[in-house]
Each structure stands twice: as structure tokens, then as C-alpha cells.
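K.L.:
Listed below are the residues making up each chain.
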Amino acid sequence: MDRVLEDFVTALRLSGVRISVAETLDACSAAALVGYGNRLLLKDSLGAALAKSGHEKDLFSDTFDRFFSDFTCTAALPERDDGVDREATLPEDPLSRMLLQGDQASLAAALQEAARAADIRAIRLPTQRSLYTVRILNALGIDGLDSTIRTFSGAGSGGPLAQADALQAARQELVDNVRQYVERQLDLYGRGIVNEYLEEALRKTRLSHLEQRHFEKMGELIQRLVKRLNDIHSRRRKAARRGHLDFKRTLRHNVPYGGFIFDPKWKQRKVNRPDVLVICDISRSMMRLVRFFLLFLYGLNEEILRIRTFVFCSNLIDVSDVFERYPVEVAVDRLQQGTDLPIVMGLTDYARSLDDFRLQYLNLVTRRTTVLFLGDGRNNNADPGTHVLRDIYQRCKRLVWLNPEPRPFWGTGDSEMKRFLPYCHAARECNTLDHLERVIGSLLAATRH
Amino acid sequence: MNNDRQNRIASWEAVQQGFRGTGYIADRAIATTVYLAWHLGKPILVEGPAGVGKTELAKTAAAFLDLELIRLQCYEGLDEAKALYEWKYGKQLLYTQLLKDKLDEIVSRDNGFSAAIDKLHRYDDIFFSRHFLEPRPLLKALENPDGAVLLVDEIDKADEEFEAFLLEILSDYQVSIPEIGTVAAVSRPFVFLTSNNTRELSEALKRRCLHLFIPYPDAALERRIVRSRVPDLPARLEKQLVSFIQQIRGLDLKKAPSISETIDWARVVVLLHAERLTSEVVRDTLHVFLKYQDDVHTVEERMPQLTTMLLRNDGG
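Chains A and B are the protein sequences, given in the same order. Be aware that the first sequence starts at 1, since it is given in our numbering, and climbs by one per residue. Be aware that the second sequence starts at 1, since it is given in our numbering, and climbs by one per residue.
Note that these hints are calculated values from the structure, not bench results. Yeah, the Cβ is synthetic: ideal placement off N, Cα and C, and Gly gets one too. Keep in mind that a hint or two might mislead.
Claimed, not checked - Reference listing, derived: stretches of chain B covered by chain A, where coverage requires no fewer than 3 residues with Cβ under 8 Å from a Cβ of chain A: (1) 91-102; (2) 208-218.
What the hints assert, rightly or not - 30 Å max Cα-Cα, derived DSSO-like pairs, lysine-lysine: (3) B:59 x A:43; (4) B:140 x B:157; (5) B:91 x B:102; (6) A:248 x B:100; (7) B:59 x A:265.
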């Protein structure tokens, strides 16, 4: 019975429940404890061992019902009183025998066995339906049935011919049965895979080419990635809070107590919170990328990262307060629509925007600041104002330029990227979710001591 | 004693029966999970909305199995020193100072340096011993010779690092104390963890536990619970009250009333000697089961519809 449980776990995994080996073992011992007699009891027990959240419980319940549902074979011929003595003319072929004897139970069992032989568990895609149907039919021994039918119909008239007709009808029914069976197995094993493919594709799709209908899915994906980064980095921060015994400090501190040492002091490591200053080009060509970039960045825990955000197009403005006042999603939407913001959405003007920055905010850039510059460097053939970027570069700890265009395009046409490059500590191509995750991950790792 | 417990928890029906005896109405899922967890030696992670009886479950299990209940309430910033043990460095240092003279005596009688070290070695266990260890709930649960029910309440409120720290206890029932060594459980405690889902728990923690989700009960179950907790409530009133609460849960509220609120309300209604639930009685006692002013407003607006339903129920 453990083999059935193994199949069930496979089906659960594919439907999106994450199950470890340890949990599978738990499920086995739970099943051994309560037995397979009571369906509801088994469901509760396996549910406790395998599904570990409200969402997973729903998936579990659904998969359980589909997996442990009965499959009946309707192909078996019912008993008929037509005067023909079937027993006398029973063919050698086991499949034909089963059909003629109307033995539903053993036919269903044979079907399960054949399905296992055809390795039905490996079915993932709708296009594989016919393949598996044929494999199962072969494993069932459809060849034998066909030759029986031929023999009977070749016999001429009377009983055998009627048998051949009946068998022909039963064959059709059997094929239908197997098709339905495969369909159900596909539903069981193939459901999650489409989702998985989609996620993988989305991570590699250029953000600027993303379709609107995938935005929600992207939001989920970003949340998952952000959670992972948060987990990794917040834990490391907390570990630094309490250190080892600082003997020197303890001695010094306890001097006033006449040399009696009883008040221990601890060594503490100070952990810097990276100071990040984001400057985004929000011209139309960049907006999509900026949207996801900010969703990602602001999803990170405040404890890990301190962020100030500036956006520019024809001029530059500080939008940090928008993010403080509204939830990230809303804030990004407001940016996109330009609600209540004194920004001019004309031609992109790097020189003017950088100059705005120099005049008002240059003093924010210190030796501890990491500056993230998000832009394609396309300045409509005007002067790019690189000297301001140089000022920032000289003041800050690290200046990273993220460009959505692939590297070979940098410096072509009106792109001034080649002239900005000398003043960047690093410049990266950044236009998919994978890129984003890598960039931000390395940002967190690099600014930590 | 131990055999007695094994008998008591021999099947899930026995658990359900026993829990009913202590006034806790458990459905099949709850009873099965408790039964499994006991026999597989696994902790139970209980999730669900506030006030559906998660903490009560652990208390009931303790009463049913006749074990001591050790409770650890989690909060942000909870660390080993408060959950497991505290090492009294101050005391240790002070003792060293006070015993300095004694030490001089011990060491000075021998002239050789190595002889003195040998002597000291014989005494160093004293300075790393239980005298300087203050046990906290987790250690107490492990050291209880009879075994205990350990309730780690609202684990989602604690930091993630604390969760990681719990893993050793949950899987091996032992902890490592740097000053002393590893302390293994004398008798395995029966562990309940509860969570209100304020944040997602780590996979590692979930993997080590059996998972139980307690949703809001359906009307029949809720009526049984109310009957067992507030026996003085007339049957007709009980039916009205439960169906009213069930209706309210369907509304869009900040905090839907849960079982504990239903029970509170039932008690209040009994105290008020109300014969039946009228819109006046409901209006006067709304605050018992609604905890936000906004929610009170929402319900008051819907009062006419809700009470018509009550009257219909009353007739039937």
C-alpha cells in the first residue's frame, strides 16, 4: 500500500503542495497507525502530516478526492440471455475473456496494472494523452483482443459472429474508458506543471515585454523572492545583536566595585544598514521596469535597507514621501500616473535632472551611500551632464548603473551609456526578474560587514 | 501511569470522548490529529483564526492526559535566555571572587604548578553546574520526569531566529547548553504550537510538526460547544444565538466573532435573563462579540435583515 501512498505524494507535489521526504515518512506511519479502512479518518491523518497551511489543505482535499476516487470500467459486457453459451466459446485471450465474462472488478484492476506498466505517473502535458492511451491499451493486450475478434468474425455465422460484434462494441468502450482514465491521471499529475513552466518563463521574460494579464502572477513571484532575501538577511542581522563576553570591558566596568566582577559586558558587532539612494528614469520606455524594480526594493524589510527614491524625466523630484505615505502598490501606481507630482513628462533630460539632483540633494550622498541609477542612458542627443555623475561617484561608496538594454546596444544611437560608464563602480544589464534578484541580492551582500 | 495514558488515548474516538468529558468538543480532524501526534511523537502546529480554541486544546489535552501544562507565551524579542535557561554569569563571577581565599588554600598547599592545576580540575565542575542555571519553560518541560504538555503559544509572534532555535527541541527533544552539554528529555513532552498566521512560519518548522487547521465551526458544532460551556442557556435561545453569530461571520468585518466570543455572549445573555433574542437585546450586547466600532456600525446597519431572520427562526 506504500506504493499507492508514494503515488499520492507525487500527485500532491505536482498540484503545488511542498512535501519533504520526512513528511512522506510521517504520512506512512500515520497511515499504518489508522489503517486504510476509514476513508475520512485516513484523509484527516494524511492531511495533518502532509498539508501545512490553509491553502495547502484545500489543495490536499481536492487531490485526495480525485486520487482516491473509484474508477469503474464500463466496457465489460453484461450477462445476456440470448441462448448463446458463452462459456463454451470462451477465447484464450485473457482480455477478451474478461470482457465476455463481464468481470468489471478484474478489468479495473488490469487497467490499473497496465497503467502502472505504462508509467502513467510521468504524464505531464495534454499532448501526451494519445501516447499514454496507446501504451496502456497495448499493456492491456489489445492485440489479443483484435485477433480474437478477427477469428470470430472469420468463423462465418451464428454464435461466434455475435460474439465478435459484442467484442467490437466492448473494444470501443474500452478505448473510451482508457481515454477517460488517462484524462483523469493527467488532471492529477499535470495540473501544477503548467504553472511551473509559466513561472519559469516569467522570470526570464523581459519586463518591458510583459503582458498585463501576468502582472498579478509577477506580484506573487516578487513577493516570494523578496521573502527569501528578507529571510536570509534579517536573520544575519539579528545574530549580530548579542556577542561573546567582552572581558576587557567587563574588567573596566567592574573596577568601581572593588575588584569584584559580577556584571558581565558583551561584545557587540555593529551591523550597517545599507543606505540606498535610488534614481530612476521614468520615461515611458522605462516605466515597466521601474515599477517592478521598486516593488522589489520596497518589499524588503525596513530593517535591512534604508531607501530614498528620486525619479526623473525632464526634471528630477524626490518621491520618498510617496512611498512613506502609501503602500508600495499604490505608491507605484501614483508614480505611474504622476498624481500630484511636479514632474514634467517631456523628453528625457539627463543633464537637467542630474543638475537638479546636484543642487538639492547632493549632500545626501555620503561615504556610506550606495547609489542605484536606473536608466537607459538615452538622452535624445543632448548633453548628458556627466560631470554631475562624477561628483556623485566621488562622494558615494558605490554607484551601480542598471540598464534595461543589452550591453551591445550601449553607446549606439543617442545612448550616452559609454560616457557614463567611467563614473560607475558597476554597470549591469537588468531587464528580467532573474536580473533584479541577482542585483539586489549582491547589493545586500556587498554592503554588509 | 504511562500505560494508563496509552489506554486513555487508544483511539481517536477515545480522544473525542475524553475531551468531551473535560468540556471540549473536538471534531474528527482535531481528535485524529491529537491521537496521531501522541503515537508518532510529533508536535502539533495548530493554526486558525483567533479564539477558536487553539490554546484551549492544549489545556484540555493536559487535563485529559493528567500531565502538567507548561506554557511559553511568545513575543517579539523572546530569546533563549527567557525560553530555555538563563546562565547566571553574575552569580558565577561573584562566587569565584568570594571563594578566592578558599582557592588560595587549595592551591597553595601544593608547590608544583601542575599539581595545582590538577587540583583545580577536580573542582571546575562546581563552576559549570546547575547552581548557575535558571531553568525556563522549555528546559522545565524537558526535565519533567512525568512528561508534560508544552504549549508554545503564538509562535508567529516570536522572531524567526527563535523558530530556528526551537527546531532541535521539536525533532530530537533535546537542547544544547554550551556551559553544561546536551540535555535530553527525561520523558518526551507532548508539544502544541499555536499560530495566528501573522507571518508565514518557516518550512523547517512546519516539516517537523503535524498540522491542524481549526476553522470557525459550523452551526451544529458551535451549538454543541455552547451547550457544553453554558449549560444554563435555554435551547431556543441557543439556536437563535448561534445562527445569529453564523450570519455575522458572513459579513465583511474587521474581526469576525469566534467561538470564545459566542460563549461570552451566551453567558451575558444568561446573566441578563433574556427569554429570547430581540433586536433590543442584541443591540445592547453587540460590544460583547464585536471588538471594533466600525464592525458595530456595520452590524447595526444590517440589524433589520438580521432580526427578521431571527424571528423566522423563532417561529420554526
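K.L.:
Residue 91 (chain B) and residue 102 (chain B) were given as a pair; does the straight-line alpha-carbon distance stay at or below 30 Å?
P.N.:
holds, 17 Å
K.L.:
Please work out if residue 248 (chain A) and residue 100 (chain B) have their alpha carbons no farther apart than 30 Å.
P.N.:
holds, 20 Å
K.L.:
With the threshold set at 30 Å, check whether the alpha-carbon distance from residue 59 (chain B) to residue 43 (chain A) stays at or below it.
P.N.:
holds, 26 Å
K.L.:
Does residue 265 (chain A) lie within 30 Å of residue 59 (chain B) when you go C-alpha to C-alpha?
P.N.:
Since the Cα atoms of residue 59 (chain B) and residue 265 (chain A) sit roughly 40 Å apart, the hinted pair is violated (cutoff 30 Å).
K.L.:
For the stretch 91-102 of chain B, do three or more residues have a beta carbon lying closer than 8 Å to a beta carbon of chain A?
P.N.:
holds (count 5)
K.L.:
Are residue 140 (chain B) and residue 157 (chain B) close enough, with their CA atoms no more than 30 Å apart?
P.N.:
holds, 22 Å
K.L.:
Okay, the stretch 208-218 of chain B and chain A, do three or more residues pass the C-beta test at under 8 Å?
P.N.:
Contact hint for the stretch 208-218 of chain B vs chain A: holds, 6 residues under 8 Å.
Hint 7 from the list above is the single one not met by this structure.
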